[in-house]
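These are the residues of each chain, in order.
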Amino acid sequence: MRNESRVYLGIGSFFVLILVIYFVWSRESTGSVLLLASAGLGLLPGLYIGWWSRRMQQRPEDVDEVAPRDITGVVGQFPENTIFPFTLGVGAWLVGLAFVFGLWFAIIGLGFVFGAAIGATLESKRASLSERENRV
Amino acid sequence: MTTLQEPLVQTAGVVEHERKAPGGFYKWITSVDHKVIGKNYMYTALTFMFIAGAMALLIRTQLFNPDGHVVSLQTYNELFTIHGSMMLYLFAGPFAFGGFANFIIPLQIGAPDMAFPRLNNLSYWLYLLGGVTMLFGFFTASGAAAFGWVAYAPLSSAPYSPGPGPDLWIVSIALVGFSGIFTAVNLVTTIFYLRAPGMTMFRMPLFSWSMLVTGILILIAFPVLTAALVLLYADRHYGAHFFSVAGGGVPVMWQNLFWFFGHPEVYILALPFFGIISELIPVFSRKPIFGYKGMVFATLAIAGLSTGVWAHHMFTTGTVLLPFFSALSLLIAVPTGIKVFTWIATMWGGQIRFNTSMLFAVGFIFAFVMGGITGVMLASPPIDFYTHDTYFVVAHFHQVLIGTTIFAGFAGIYYWYPKLTGRFLHEGLGKWNFWVTFIGFWITFMPQYLLGLRGMPRRIAIYSPTDGFTFLNRMSTVGSYMMGIGMFLFLLNFIISWRRPRPAGDNPWDGFTLEWATSSPPPAHNFHSLPAIRSARPTWDMNHPEHADAVPAVTGGDESAQ
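Residue numbers (the working numbering), protein chains in the order written: chain A, 1 to 136; chain B, 1001 to 1562.
Since the hints were derived computationally from the structure, they do not count as laboratory data. Warning: the hint list may mix true and false statements.
With a straight-line cut-off of 25 Å between C-alpha atoms, the simulated DMTMM-like cross-links for lysine to aspartate or glutamate are [stated by the list, open to error]:
no., chain 1, residue 1, chain 2, residue 2
1, B, K1293, A, E131
2, B, K1027, A, D64
3, B, K1431, B, E1546
4, B, K1027, A, E131
5, B, K1039, A, E80
6, B, K1287, A, E65
Computed from a prediction, not measured in an experiment: that's the story for all the values here.
When you get a sec, could you build the whole thing from the sequences and use the hints?
Below you can see the structure in the form of structure tokens.
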């Protein structure tokens, strides 16, 4: 994980550098605030990942030579076909259109959004219970 | 849910649980497979590209004659606005980070899918619905947005741009922006957490590196745009005064906010295509890339620098720190130059195969260098003052953007089409596609440089016969029709491969990276078995153990046999 955090830290520290130069030189507020936020966006995940990388064992994808015992086991759980992202997308779209055509679009849209939220939650629960290792 | 075991150990790794998979249209709507979503993105983006390209031809037809009467002045403004918006927001970006990245990244790093498959599906629908929303503007009584793709205040304020068209534009860009942010989160997470064992960061293919950096840039840039759009909407409808002088606001703040998104956006569009070129030039030159780490650091340097140069679009506002932005803009030529040097050095002394894909890649280098050099010129304020808002700038950014998105993008399509579909595109027709587009490209945009130097402003619908712009404009229009024919040849090629498929096999180009180690098209969850990853070219190491550039493997690749 060390290199992942360095990617973020590298970009973040570069922003700190140009933020200092830019602010001292121009005293312009919009750009300085934006650069400050960008520096935060770079440093925050960088420091977090770096903090974790010191506390965890090296993952198989971080080592040059992989031992056979490192490459067994579960990669992850991946969902199957589901309608709810589409429902959520349509809901978000209708809420967006409400800003142009009137509030009533948002009422329909929010219906879709909440429907998708409830549906996706129930679906996830059902799916994870169907996995052998998740059964109690 | 599907639980995946590591494929190296358990060859039949996918433990499907018993549920009948849906078929047909419902399957397409509900699929969370990154390959299906990636293809959806590509087809949608190409459709938007053809629509926006047709608008470009209309624009050029209007400018063929002085005092042209093809479209009305208002329609002309709508056309160039929606042409630019569609090409930048709906085609170039999503084509790369939604289409190519979605399809290729999990395959290249040996992952079964993206990290958040359902989020991936959601971002496609936000993109599609948001994109279509932008076109709704043409069906409203007052027409679509007509303030240019940059939507400068105060032109974009309610008094100057009334009606629902601009609002539809704002909503559309916001939805597409969210879709981009979700995709970026997905990409960065996938690359950080789902790499195959042994795929260290510095063994990742350069396309994956480019997409990682693009993802980070999206996360920096798009939220700024979304925030700016919210402010703009508040100005238009809720009587806020962020960008109106009357209420104490600052119109130039819109430009600052917009270009803080807009300039990284240019590199969000360019970096993925740099990555594509960095993938296929080594493959078709039969050499490893020259200076892998140099390329990685150049990519990171571009990411940093591109965020610090936003105000070079605002030199003529008189409110920006000229030396700072000029210096950083000139500096960005250094990492870009490293990249161009690396591509040429990779080809140097290689056994180059000039098939369609490679032709497009080399064409990209020509086009991009031309656009890049004029970019360096524009980075110096004295030249920018002279050429700002003229056709010189138009020619510059079209050469950069068409160079990257069309030439490099098509290089990528011809390169990965066998992986996408298991079929070849026709080589002969592909070469026609390249040459017609390429020649048309130069005929279109070289006259525009001259027009710009003679003082033709951009975004004008008519010019006078006495201006002396007529001949160059006609040349440019003829070139643009040639490009249109070139695009049509691509469509033809596509249809031919659809009606008369020519099977390609799993690894037709003898590729280097992991995506060529699986079948074409790849199975559900991508890999039945993975080669051992000991270098940046795992598939090459597996297929050519005698030439392998990796540390010699003790067991010949099958580590489970130890």
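Each hint, compared with the structure:
1. K1293/B / E131/A: Between K1293/B and E131/A the Cα gap is close to 42 Å, so the pair fails against 25 Å, i.e. violated.
2. K1027/B / D64/A: violated (40 Å)
3. K1431/B / E1546/B: It is violated: about 34 Å lies between the C-alpha atoms, which goes past 25 Å.
4. K1027/B / E131/A: holds (22 Å)
5. K1039/B / E80/A: Roughly 18 Å separates the two Cα atoms, so the pair holds.
6. K1287/B / E65/A: This hinted pair holds, its Cα atoms lying about 24 Å apart.
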